[in-house]
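Chains as they are written, first to last, in the numbering used here: chain C, 1 to 204; chain W, 1 to 252.
In case anyone wonders, no lab produced these hints; they're calculated from the structure. Think of the CB as a built atom: it goes at the ideal place given N, C-alpha and C, for glycine as much as any other residue. Wrong hints could be hidden among the right ones.
[To be verified] Cβ-Cβ distance ranges computed for the label pairs, FRET-style:
#	chain 1	residue 1	chain 2	residue 2	range
1	W	ALA207	C	CYS22	51 to 61 angstroms
2	C	LEU55	W	LEU204	47 to 57 angstroms
3	C	CYS22	W	THR214	43 to 53 angstroms
4	C	ASN67	W	ILE195	33 to 43 angstroms
5	C	GLY136	W	SER202	54 to 64 angstroms
6	C	LYS195	W	ARG186	28 to 38 angstroms
7	W	GLU245	C	GLU66	23 to 33 angstroms
8	C	ARG78	W	ILE211	38 to 48 angstroms
9	W	VAL201	C	GLU164	49 to 59 angstroms
10	C	SER153	W	PHE212	31 to 41 angstroms
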Amino acid sequence: MPEDKLFSAKRFVTEAIRCPSCEKHLDRDDKWCPRCGFTGAATIDLFGDKPPPLLPILDATGAFSENDAALIQREIQRNQQRFPQFEWRVCTATPGVDASLPLFGFWLLNVCPLLPEETVEQRQWCVLLLIDEPAGRVAVATGYLAETWLPHSRLESALAAMREPMLASRQGQAVADFLATARAALEDSWALADKTRRRKPSRP
Amino acid sequence: VKIPHLAVIIPAILLGVAPAMAAGGFVHGPRPESSVFDPSGILSAENKREISEPLDLIRASERIDILVIILPTIGNTPPQNVANSFAEAWCENEIHAIVLHVPGRHDSPWIVPSPSFRRIIRSGTLDETLRQATRRAAAEPTHHLIARAASIEAADALRHWTSGAVLSSEVRLRQQAEARLALEKRRRLIKMSVISGAGVVSFLGLALVWIFLTSRKRGSRHFPGIRVHTRLGAPHAGGNHTVLEFKRPSRP
Chain C
1 MPEDKLFSAK RFVTEAIRCP SCEKHLDRDD KWCPRCGFTG AATIDLFGDK
51 PPPLLPILDA TGAFSENDAA LIQREIQRNQ QRFPQFEWRV CTATPGVDAS
101 LPLFGFWLLN VCPLLPEETV EQRQWCVLLL IDEPAGRVAV ATGYLAETWL
151 PHSRLESALA AMREPMLASR QGQAVADFLA TARAALEDSW ALADKTRRRK
201 PSRP
Chain W
1 VKIPHLAVII PAILLGVAPA MAAGGFVHGP RPESSVFDPS GILSAENKRE
51 ISEPLDLIRA SERIDILVII LPTIGNTPPQ NVANSFAEAW CENEIHAIVL
101 HVPGRHDSPW IVPSPSFRRI IRSGTLDETL RQATRRAAAE PTHHLIARAA
151 SIEAADALRH WTSGAVLSSE VRLRQQAEAR LALEKRRRLI KMSVISGAGV
201 VSFLGLALVW IFLTSRKRGS RHFPGIRVHT RLGAPHAGGN HTVLEFKRPS
251 RP
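The shape of chain C in the complex, shown without the other chains (with noise of 0.2 angstroms):
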């Protein structure tokens, strides 16, 4: 069951969180990145206010077959009975030889409206990946809370599991390895977070 007490994010993961635009380190709680001054309006700039509805599989370049929508869809499933406070979301796009798929991600994640009965804790909990296969490139946005538990080197070798099966262009498997990896990932951070939760906080 959620305990209703919050915990600071530093207490459970160390790793900075980085721009989407220039990669520098950000603060949890910067208004603004101190280095490229990129803040999230920008990205309105470069994608448009009109974002399309995200769907747990938004297959914009239609890269899946049935096969692969129901394999993810299976995938995802599994991953929600396990860690119901997940939402996961499948984005094929190609969003241009230029543009950054994290900014897209950035862009997609908090500028979608909300699904009916979607909740604003709920989006937090978002985990986004994207897909430009043409451009041979995956990425990961997670949401404020689901980054926490899904930090930069864990997203990483979700990711890596992927490579194969891509270069395969068996993207439907490329998703559910991702998913199964992410959710083997989040089973080590659950741990993690279960022992430091029990564990008094140090005092500095």
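Using the hints provided, position chain W relative to the given structure of chain C.
Okay, now just chain W, sitting in the frame of chain C:
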């Protein structure tokens, strides 16, 4: 009851047989070949043979020794003592009885079985059986018939007691063995029940632990709540990301 051969009894008394027995000093000598000891010749030789033959047969075939003692008098010596002294002197078999008949005594005859019967048969039953047997024998009209009847009663009683005693001891042994077996079986059953019970309890305990651990492992997991600080002016996500390039872009 007619007492025959008074001429023989009187000399015997005069010779001091009875006083000697009463004093415990009677010398028995070797056992006579016949099962009837009648030193005074109260019975005729024919009568003695008639009584002795079946007793000899029983003694040889069934090892039941019945000795008929006929004395003219025993003085004040208790008949039991007289009978026992003859038994000690002449009876080799454990299963034996002395039939003592003293023609001059109104309470004669007596049947005195070996002491081992007292250990096997209840005292009341033994005494009652002997009392009735001697009463029946005493009802006979002649000394010969009294002695004969008493010997037959004694033989029957010993046969009955012997077979009964053997049977009852066998039954008792069988019952004891059966009880022992039942007890052993019960102990084994209890032991097996305890072992199997412990096994079942252990198995159930392990199964419960396994179910608990499995359900804990398979159940959903919730992360603790995190205090959200928005950044970069974004409401839902603060730009945390990871990128992987798995091939070079193929587009121009």
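Checklist entry - Which of the listed hints are broken here? => result 4, 6 and 8
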